[in-house]
Structures are given as structure tokens and as C-alpha cells.
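Construct the complete structure from the given sequences, taking the supplied hints into account.
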Amino acid sequence: MTVTEPRPTNDAPRPRFVRADGPDKVTGTGRYTADLTLTGVLAAKFRYADHTHARITRLDVSAARSMPGVLAVLTADDVPDVRYGPFVQDRTLFARDVVRFEGEIVAAVAATTAEIAQRAVDAIVVEYEPLPVVTDLEAALAADSPLVHEGWESYGSADPIVRDRNDASFSSITKGDPDAAMAAADLVVTSRYVADASHAAPIEPRAVLAQWEGDKVTIWTSTQVPYDARAGVCETLELPANRVRIIVPHLGGGFGGKCGFHYEAHVAALARAARRPVRLVFSRREEFLAPDRRREGMVIDITTGLRRDGTIVARTGWIAIDNGAYTADSGFFPQLAAMHVAGPYRIPNVRVEAHLVYTNHQPSGSVRAPTAPQACWALESHTDELARAVGMDPVAIRKLNAVDTGAEGPSGQTYDEIGLQQCIDAATAAAGYGGELPDDEAIGVAIGWWPSFSAPSGAYVRIDGDGSGQIITGAQECGTGAVMTLRQLAADELGMQPEDFQLIYQDTSVAPYDMGATGSQTLFNNGRAVVAAAGQVAEQLKQLAAEQLEASPADIVLADGQAHVAGTPSRSVPITELAGIAAGGELLIGHGSGQPPGAPPLVGSSCVGDVGMAAFIAPQFSCHAVRVKLDRDTGVARVLEVSTAHDSGTILNPVGAHGQVEGGVLMGIGQALTEGTRYDDDGRQRNAAMLEYKLQTCADAPTIRTTFIEIPTPDAGPRGAKGLAEAPNVATAAAISNAIAAIVGRPVRQLPMTAERVWETIADAAEAAAQDGVAS
Amino acid sequence: MSQSLDRDLVLTVNGIAYPVSVDHGRNLLSVLRTEVGLTGTKEGCDDCECGACMVLLDGQPVNSCSYLAAQAVGREITTVEGMVRDGELHPIQRNLLEEGGVQCGFCTPGMIMSATALLARTPDPTDEDIRIGLSGNLCRCTGYAKIIAAVRRTAADLRGE
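Listed in order, the protein sequences are those of chains R and Y.
Counted the way UniProt numbering counts, the first sequence spans residues 1 to 776.
Counted the way UniProt numbering counts, the second sequence spans residues 1 to 161.
None of these hints come from the bench; they were simulated from the model.
Given the structure is predicted, the values throughout are model-derived calculations rather than measurements.
The beta-carbon is built from N, C-alpha and C at its ideal position, and this holds for glycine as well.
Fair warning: there could be bad hints in the mix.
Said to hold, decoys possible - Covered stretches of chain R (in silico footprint by chain Y; criterion: 3 or more residues with CB under 8 Å from a CB of chain Y, positions within the stretch not fixed):
1) 20-28
2) 478-484
3) 648-659
4) 685-694
To be verified - Ranges between beta-carbon positions, derived for each pair:
5) Gly25(Y) / Ala699(R): 30 to 36 Å
6) Glu128(Y) / Val603(R): 52 to 58 Å
7) Gly74(Y) / Gly435(R): 58 to 64 Å
Structure representation (C-alpha cells):
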């Protein structure tokens, strides 16, 4: 498919977009899950593991069960014995025999008040035999390491997943002959970078409310992926899909943290056992400790061979990714991380290997652009090391090696129209790169990429007898505005206004499937579905109008609320009038899905553990240029300005798109400087609170300038749109790293680059300089 | 079970008096959300860290998660539900929408209350004033730029410019 519609430029006037759910949100009338209640509702509380790795030798809930006000206490014995997981079926709803991280659920209680539920949780007796704790990624891969899952070989797993002991998923990308090319290179540079784990940290802690009516359960939940949540409930409680209804009220942010299947089944099981509605509301501490959605820590080794002119001839990489205790949706992380360590560069010889390593940490899962900010930070910091090694400008070495239209990338994909080179030019120009700066300031530059995710998706569009429209979609709104933008697409297809449509969404029993607010895929896939559904209604309207206007349906144009004959606007009939006619006959109902774009071919490469992540569909590109001021005495880095350029295809909702970039950049600044989870020797989080795990505040926020490079994109979403929500989170930390390294003279090799770590790097650089002075 | 420690209180919220009977240890946030029944004020951390629970007490911004309901007796409590007057959005509400300062919306009620307090004491704020004034309210979605723009525009609107 080639997109042929004219594309607006950045300067073209566009209507101001006000989101349809906005009035609910600014007046406080919008309901989030924790705002809901039902008559007779009980409060749920979990008993978490007392150890990070231990065998349960005794579990006695009798005292808790007999407490007044307690209506249900559940353990593994009270639910079907089902191991689940999208890639590796390695976990159960409740711990069976062994606990493997501090947030593992041993038992659940439903009681008349939260206080009673907590007292009952505390009254549950659990005795343990401690097991060796696994926290070090490299040690965990050694042949003599204790196993996190002794029974790993008995687990089921998805076909492409390659596993071995504590390695839950291995993947590699190989192209050309990297060993020979490395040996022949003029220069070889090797780097190691280590990224700490971090958190999505949406401001809304998750909540679940479940109610059974007969053999059907309705679950209101703060999930980004209602159909995944439904699938999880069906799998673990052994229910057919049509008896589980997931409804998502307004969702208070997710950033991947609310992807996957979490506690919907626990709460549904409690509600069934108690014969009452049950509600779970997480505390902030639980939000940090329990979900299988931590951003993964990583160890990254990169070696690059270059010619003296800066041309990259070979790259090898080795990556260890902290999977934590269970495999959530992390099975695809190794291949995606390998792509980000290979990077958006023209490299003829590549070998990158990546391991997903079990530890006794909280499980990792998709957080906004999973693996990318850390891997990009490592790769792009390394790229500046390459520039220093060959004496080139960091931007020049990127321009020389970065992929472009028609070029072949590291996995053997040849790109159609892409705008990475334009992104580099636009971001560096906006930043004033190359200009004079005080000696405590520098501009760091980094490039990033991210795929668009192609997936099945569905929607219905209908127009009722009064001419008002409804879009009934499986898509999930997590705040990005992507679902809100669907009104514009339907309106354009039907010659109506966005305000003519109400959105019905986030209800699995009402709308057809969509993957959810994940993978930046909502507009890419559900936009296609809405356009297809609206297109069916448009055909119906044209047929009706043709009969009214005595013309051919092919000659009917829908515009400005009218159906008119092409070239003769005066021969027209209002769409509301056609809707009235249809209400007495064949109703105006469209359904749409459309064929998802297929994966582009890879030539000359081979992948082990191939989960489809080496071929980027409608790839997005970005360049971030960040001006940083560094206090050398304290190591405190302050981000002054961020200039970004993004190729995310056509921008359908500019206000929303700028908001995505600005939010992604600020999250990236947090990852760069302050957001890192600290663990004790037993694998427990030491900073599971917002004062100790510091998000960026309004006072920290820099000026952010954004340019969108809108170029024709083959095989993209509606009107040439690609994804967007994750891409802005990729390159910011890397650009900050390069600014700090430019000031200090060497990179900080651990993420986040806290003041202490920056200060240590400054001290190390000074010591090295002093030794050089002595040596000379 | 221990004997009831409930106290009869009257809370004045958005100009309406609400008699409630609550344990003396209950925080204002939970009483607003449960007994008073106004859920616009959100709980993000229960520890004064995120600002989602911000309300005004006699015009002063307070994290209601860490403030006893009993301490609010006799004072005028304003929540986000009290910002709409005569069916019209307050300019800060309208401008947050038009500038794109709302995404998931969970921080929005607290942000509105902090901005209202800021503009009451600083009618012509600099951008730095706005950044400091909203620094007790975490937003994970927007990167704050469009929220700052909305507050700047609201200041001008309220000054009649």
C-alpha cells in the first residue's frame, strides 16, 4: 500500500483538538476504577511472600478464615492448578510450594473492611525454608548457579522461545562475518554499560472490582489491555471468554505498567468465594513491589570495529536482561534489545546475543518502549566513544553511519521511505548544535528507533436515526488521546464532524478485539479498523443518497454533513435525513478490521529465538539533542533544553503528538538522572516510594522543542501514521549521557546517572588525567 | 472489636455542609471520597508525595491524604467538583483542555487545585513561579509543558487580558 493522500505540513493550520473525555477529567466527574463501588462490596488484601526465594513448609489460613468479617481466604489450593504466561508458562496465581520474589502472592483475603482484611492477612501463618537468592545476572547464567525455577524444563513455552536453566529466553541476530570484519577493522572499541531497573509509575495505583451474576463475572479494572486481562481470567479460572466481561473506567496512566494480566483473576476468585462484590485498591508501595511490570535492568557489552574515516564495519554485543522471577511479556525483550544494541545503523557484519535471565527480583514487563531507553543509552553513549576514538564529531559519525531510505539495517531489512537523516538535521539545528556554550554546558545527541506494531483490531461504526454517530471500539485509552483521535478518522470518512460521534470503548463484551493501549498501536491498528467500519457506512449513505438524488453511488461525495453529487454541490441531501430514512429500513451499521500490514523481509541475516522483532514494520525514528548544565562539584546534572525530531509518519493529532513527545522526554530525563530501583542483597526493593524513587517534577521540566518529519510511509497505519507513544522515550537518556560525557570527558557507565555516579566519574577522570600527567 | 471512636463532624465542601460520622483518625481524603461521596479528589500515594489529593482549605492547598478530617471542621473545603460555577468551566479547566494539558487526567484535579491557589496568591506568575507552584503535583503523562501553558493563559484570563 502506498499512501497517496496529501499530507499536512507542520505549518498547515489544523483544528484545535479537545479530547472527548476531557470535560470528565477536569471536572472530577470522570470515574476511575478506585472511584467505583457496589452495594455489599468487600475489600481485598494480599499476603505477600516473606522471602525473595524460599520453599513454603507450612501455610495455615485457619485463624484468618475464622475472623469475624472475613468472607473469603484463598490460596493456591482454592483455584485451578494452571501455570500461565504468554511466552513461558512459569507462574501461578498464588505461590505453589516456592516463593520467588518479595511481591509474590501467597494468599488473598476478602473482608468487610480493609482493616479487617489486613488483620486477617497478618494472621495467616507461613513458614519457609530459605533458598539461595539469585540477583546477579552474569552469575545466574553460570552452569553452577542455583536455579530460580528448578522445574523449568517442565514448563510450556511459545514456539520460538529458546530456554536453558536461568536463561528464560535467548535471542541472537547474526549478519555477515563479524569476527573477520572486526579483525580487519582499523580500530575496535569495546564498552560495558549497566542499567538499573526502573518503574512505569503511573499516578493512579491499580484497582480491580469484580462482581458475579450467576455464572458470569464483570470486572472493572485499571488495565491497559482489557482483552489480555480477559484472556488471563479465562485461562486461570478456566472460564469461556463470553462469561468474563472486562470494563475499564477512565485509566489513570499506564506506560506499560498496566499491560498484561494482573489481579483480575484473584479478585474474581475472591468475589466468587465470598459471594459478594470484591474490590482491590493498591497502595503506592504495592504498586512498586508487586506487579510483573518493572522496567528491566540490563548489562550491555558492545564492541564496534571501524575504519579510520568513521565507517562502522562490524558490531558484536552481549546483553543480559533481568527477567525477575517470572516471565511476563518479557519473552520478546532479548530480540528487541539486540535490535537496539545493533542500532539504526548500516552495519554489514553483526552478531548480538541477548539473554533474559531469571532472578529473585520483581518480574520485568513492557514499560514504555521496553529495553529501548537502556539499550539506546548504552549504544549511543558507545557511539560517542567511537567518535572520540576516531576524532570525529558525534553528529557527523551518526550521519555517516545511520540508516536512510533504501539502506540496509543491521538485521538485513532494507528501508522504504524513512526520515532518520532528516531527524538528525532538524533536532541538531533546533538545538543550535555546534554553537558556543559555557564550559559547564554541552549538547548531547542521540538517535533512536522503534517499530510500529501490526495487530488485528476491530471497531463498529453506526449512525442512528437522528444522524448522531457512535464508534464502538475495542481500543483502550490510557491518556495518550489515541482513542480520542478515532472520532476524527470516522468523521473524515463520513463527511461529518468529530463532535457528531460518541466513543464507546473499554468494554470487552461490547466491542470487537483490540490489543489495547500497548505497543503504540491504537491509531496504527484501530484507526485502520475505524476507517474500514466508517467506510461501510459511507457506502450505505452513498447508496441512499444516490436513490434520493437520482445519481450513481460512485458519484456521491460526503462532506460537511451532506451527501452531494460530485461537481454539483447543490444537488445534495443532509446526512441526518439519510439517517432518518435508514432508521426505517436497513440500519447504518459498519464493522471494520482490515488486514494488518505484514512484516518486511530480512535478507542475509539469521536469528535464533526469533519472535519477529528483527523486522521493523513502519519503523519510527528519532533524534534528541539535549543541552545539559553540570555542577562539577556535586555531580548534579540539569537538563536545560531538549530538541527532538521524530519520524512517526503522518501526525493526525498534533496536540496529542506533542504531548506524547513531551511526556516521553520527561520520563527519559527521569530514567537518565533519578529513576533507578535499588535492591538489597536479598533482592528486595529499597526505594519503593515516590520520595526515594524520584519522578521529575514541574520544577525539573526543561523547554522541549519538537519537529515532526512527516514523509510518505509505505505499509503504515491510516493516512501514513506510524506509532508514536513509545518512541519519544527512547533517545533522551542517551542524549543526556552524551552531554555529560562531553563535559566530563568520559561517559557515566551506570543508569541512572545519579549525582553520585556522575561525581565518581568526574573524580575518576581527574585521577586518570593526573596519572597521565605523571606518566608524561 | 474495640468500641467505636466515630465522631460526628460537619464538613463544608464546595459551600455545602455535610454531616458525617467518622473515626477521629480518618484522613480528609478518604472522608471526601467515601462519606461525602466526591471522588474527583484522587489518591496516588497516601504519603504527600504526588499531590493527586490536593484540595483547598480556606484557599490554601493541602494534601488531603495527610490531613485529618476533624481538622477541616469549620473551614471551607474546595475540591475539583467546586470549580464549575453556574455550569461554566473555570478558566483553568477550560485552558487545560484547550492547551492539551490533560492526558490520563488522574493528576488533573490536584493540579487544578494547586494552580488555583497559586494564581490566588500570584496573579501574574512567571514561568518559574508556575513551575515551583506546581512542583508538589506529579504528572507522568504530559511533561508539564502544556500544563504550564494552561496556567499561564489562565493567569491572563483572570487578569482580564
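Checklist entry - Taking the CB of Gly25(Y) and the CB of Ala699(R), does the distance hold inside 30 to 36 Å? => result Since Gly25(Y) and Ala699(R) have Cβ atoms about 33 Å apart, the given range 30 to 36 Å holds.
Checklist entry - In terms of beta carbon proximity below 8 Å, does the segment 20-28 of chain R have 3 or more residues touching chain Y? => result holds (count 8)
Next on the checklist: Closer than 8 Å Cβ to Cβ for three or more residues is the test here. Does the segment 685-694 of chain R pass it with chain Y?
Outcome noted: It holds: at least three residues are needed, and the segment 685-694 of chain R offers 3 whose Cβ sits within less than 8 Å of chain Y.
Checklist entry - Are three or more residues of the segment 648-659 of chain R within 8 Å, CB to CB, of chain Y? => result holds (count 4)
Next on the checklist: 52 to 58 Å was suggested as the range; check whether the CB atoms of Glu128(Y) and Val603(R) agree with it.
Outcome noted: holds, 54 Å
Next on the checklist: Just to be sure I understand the hint, the distance between the Cβ atoms of Gly74(Y) and Gly435(R) should be within 58 to 64 Å; is that true here?
Outcome noted: Cβ of Gly74(Y) to Cβ of Gly435(R): about 59 Å, so the range 58 to 64 Å holds.
Item to check | Verdict on chain Y covering the segment 478-484 of chain R, criterion of 3 CB contacts below 8 Å | outcome: holds (count 4)
Figure legend: structure checked against the earlier numbered hints; every hint is met.
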